[in-house]
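**Student:** Listed below are the residues making up each chain.
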Amino acid sequence: MARVALDHLSVRFGQVAAVDDISIAFEQGEFIVLLGPSGCGKTTTLRCIAGLEQPTSGKIFFDQDEVSHLPPRARQVAMVFQFVSLYPHLRVRDNIAFPLRARGEGRAEIERKIAWMSKIFDLGDILHRRPGTLPPGARQKAALARAVVREPRVLLLDEPLSAIDEQFREEMRWELRHLQKELGMTTVHVTHDQREAMSLADRVVLMRAGRIVQAGTPRELFDDPVDEFAAHFIGSPSVNLIDASFSEDGVALGEAGVPIRLPERHLEALRRSGLRRGRIGIRPHSLRPAGRDDHAAVPVERPIAYAVGRERFLDFELSGQTWRGVLPADAGDSLPERMQLDPARIFYFTPEGVRLPVA
Amino acid sequence: MRQAIPAGRTAAHAVPRAISDRTICGLFMAPALAILLLMVAYPFISLLYYSTLNFSILNPAKGSEFIGLQNYTRLLSRESVWERFVFTGQFVLATVVVQFCVGVAVAYAFQRNFKGRDLLFTIAMLPMMLCPIVVGFLWRYMFNSEWGVVNYLVTLLGFGKIDWLGVPGNALWAVVIADAWMWTPFVILLATAAFRGIPTDINEAAEIDGASPFFRFTRVTLPMSMPILLIAFLLRLIDAFKQSDLFFAMTGGGPGSDTETVAFRLGKIAFSHFYTGQASAFAVIMLVIIIGLSLIFVRLLTQQGRQD
Amino acid sequence: MTVLRLSGLSKSFGAKQALRQVDLSLEEGEVLALLGPTGAGKTTTLRCIAGLEKPDRGSVHLDNRDVTATSPRERDVAVVFEGFNLLPTLSVFDNIAFPLRSPVYRRPEDEVRREVVQAAATLRIGHLLDRRIEQLSGGEKQRVAIARALVRRPRVYLLDEPLSALDLKLRESLQGEIKAMYQATGATVIYASHDYPSAAAIATRMALIEGGRILQCATIGEIIADPRHASVGRLVGSPSMAQFPAQGTGQGVEIDGLPMRLPGPGEAGGRLLVGIWPEDIELTTRPTDGYAEGRVWATDFRGRDKAIEVRVGSQRFRKVVELDLQAQQGDPIWFRLPPGRVFHFDAATGERIDHGPTRRAA
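Protein chains in written order, with our numbering: chain A, 2 to 360; chain B, 42 to 349; chain C, 931 to 1292.
Isolated chain A (complex conformation) (with noise of 0.2 Å):
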């Protein structure tokens, strides 16, 4: 088990910087995920660490050896694969021992790893059977099997959910996250679905054309975006977001120009700030039925409200924009006239899409 560094990572493909100066560490046993958009070069990477990809230039680590020119198999890196690596002709216990016969290991050395796996992993009913014949959950299971049983320094996974069907992808996540603290193996885990990441992340490591946008706890991440980019990513609903001019008068949203009342301290760090113009954006949990007070509150047109199990949330209209909050469970059938956005959790961004503080 080992603590990843990155220094000043670069990767170029021709002109395309498809890794751009990245520096981070990731600890012993943590569980790293890489989020981003496609191409948002999460995937070079954790090709990188696996020594699948050579970085045109910057160094890796593993505790305090540098590997970054080390071929894969000099790594002790055990990777699994978004499409299924496992070898179609070997049985799985013939799949999980190909590591352990690789190096050269003893017999019966392999059968006590083998039989270990077999309880963490509980593949009983499949150590015999093909990967072929096995549902995709299973054959994932067993990927990662025959990837944890060399008791590798570093676990990557590159997407390994994603060509599994959305059914067993919920189990296969809790299954995941189980595992990796029950192992406490460090492990950098590469996806561009967010509420993976969020699920199963200690740390959530967001990406966008190469470079690193925010690195933080899932809560981090969810609570206190950096930009636009995070808070739109991030989060399902999608944040609400708005289009939004700044006067002395205060705060209007849209091309409508709503105007909302919006506390002092946020004001005051509005008019420091110089802006006229920028976007204003409030999560769904935390817009709900406004009181008497129609402080920080918008008005409601159009209203669809539909319910999710319990929860119930509202569709309408802001300004021409379909904007999407909760309700509480226990309100009868007739809609609220006005939202409230709470104050403490509205994001202000700069029309370059910055977060600016206003705490």
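No wet-lab data here; the hints were simulated from the structure.
All C-beta atoms in this analysis are idealised placements derived from N, C-alpha and C, irrespective of residue type, glycine included.
Do not take every clue at face value.
Quick partial rundown of chain B residues pointing at chain A, CB under 7 Å, derived from the structure [to be verified]:
id, residue
1, G238
2, D242
3, I243
4, D250
5, A252
6, P264
7, M265
8, F315
Okay, the calculated beta carbon distance ranges per label pair [what the hints assert, rightly or not]:
id, chain 1, residue 1, chain 2, residue 2, range
9, B, F258, A, L71, 18 to 24 Å
10, A, E183, C, V1047, 55 to 61 Å
11, C, D1254, A, E106, 44 to 50 Å
Fit chains B and C to the given chain A structure using the hints.
**Tutor:** Okay, now just chains B and C, sitting in the frame of chain A:
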């Protein structure tokens, strides 16, 4: 809300009943079936028919006397026929083994990226495109014991000249070399396709798993390309079994008839002696052997499919 | 007015019984979700309605006309499959226009253009009309497929997992568009899915299907107040209903491996399942009288809250909790099932045994 629907659209059931799907299906298949019957079934049935006659196309007027299975019994009781089968078997085994050892190795080498790979690959494919008779004569000149290039190389290495085509044992190997030269490209082609069909993920996974290149080749690459290699093997086996052109060009079946393959002998019976009936029976025997071989491989292939 | 009625629909493929006595009816303008796991019979049901499959028994009525024996062309329905079934050689425009140019539904070309442009606008693909299909992303293709169904204005839309191939963000926005579409046109829709949240967001009523059988067909509130079958509980909710194998004692019910005795209908020795919606399970992080001890097996951060899975022996359940609840993986936790909130199901058949508490719909 239904006002946008023009009148008459709900009267969809007015559509006339069409010809049933089955009929259409049959109609589409009919031309292909007819051609297949004409090109395959008719010759095959007439072959079976001729094989039971005492008949020669040189003398059709003599008629066709039905003699039952006598053509078969006569052929199979002749020692010289059995010798041809043994010789052919030796040839097939030798040439297919050589083709596969060389072909798979070369295909593996082509997996690497190096400069001029595509050009080299194209050149390596050329022998396959040549006409067998031309290849035969080419190698016949190269194996000429007096002025052939092969013996020139042999003497350079300090050995005496070898009579390549005059001694049956040597002639077998000479033709094996020529045949392998011509058909190894086919094995290279299929093996390359098989290797390329293995997902990159799998190879990268093996590399990360700490496997050396040799370990990877024997434990991953080879087993995973087995289905395609098996098909290539079957095709080469059947083709080698039917080989006669190279022998015709290089040895003429000699010395004596010691280097005649089964197909060569069949040609002789049919078109030198013009024993048409007997030749038909011989062809049927060859066909049975080839079908038998194919069945073994089909069995192997489906077994493999079932395991996965 | 009843637009669609299925009665006693049965269908088998060889030995596999795909549908068993399916009864359903759909009112004008209704959106019905057909919710069930893969292989439950959702697709077969839709195919029978569309006429792509002929039922062994039972009948399909469209607008009170028996269409069981008619061909797909003669039924005024449109299907959007999980795959895209678009024609790759044609432009987006021609794909959407395709049904309007087919012999059965042919219309004048200027009308075709107007309809196509309108449908494209509803689904926000107006700017893509000249592109070819292969230049589109997955989400765009799915929109085109829906627009193609939309443009014909059929009596019934059949949507077969139209969103499951898409990622979450895209699914969310398309959900909105599908909803906008049927609210704008008053269309009648059957939406087949295995995903409870998306089905709940779109549908007015839900039919739960498993093993080719309709287990329950009701509004979400009715289902939560009165689930008719153990499988209904497993299909509904996020996380779904917690279920504990248990045994009747004559006086009540004992949950296997837990020191928990609940009032219940079980006769002595009878096997049953005790079900409870996770929201009704009471949790505490301190040892408390009347609570059973379990261990947090794993946690799942969900943004505004988190879910935890609790395990005790072979029993387990998942529940959404406040972010601030001190419950890390491996921590002990205490829980209680309030008696008035549980449902009892027959362990063998899954059928509800009692009628439980009648609760206010959520």
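**Student:** Next, verify each hint and record whether it holds.
**Tutor:** Hint-by-hint comparison with the structure:
no.: 1; hint: G238; in the structure: 11 Å, violated
no.: 2; hint: D242; in the structure: 4 Å, holds
no.: 3; hint: I243; in the structure: 6 Å, holds
no.: 4; hint: D250; in the structure: 4 Å, holds
no.: 5; hint: A252; in the structure: 4 Å, holds
no.: 6; hint: P264; in the structure: 4 Å, holds
no.: 7; hint: M265; in the structure: 6 Å, holds
no.: 8; hint: F315; in the structure: 52 Å, violated
no.: 9; hint: F258(B) - L71(A): 18 to 24 Å; in the structure: 22 Å, holds
no.: 10; hint: E183(A) - V1047(C): 55 to 61 Å; in the structure: 57 Å, holds
no.: 11; hint: D1254(C) - E106(A): 44 to 50 Å; in the structure: 47 Å, holds
Consistency note: the structure conflicts with the earlier hints numbered 1 and 8.
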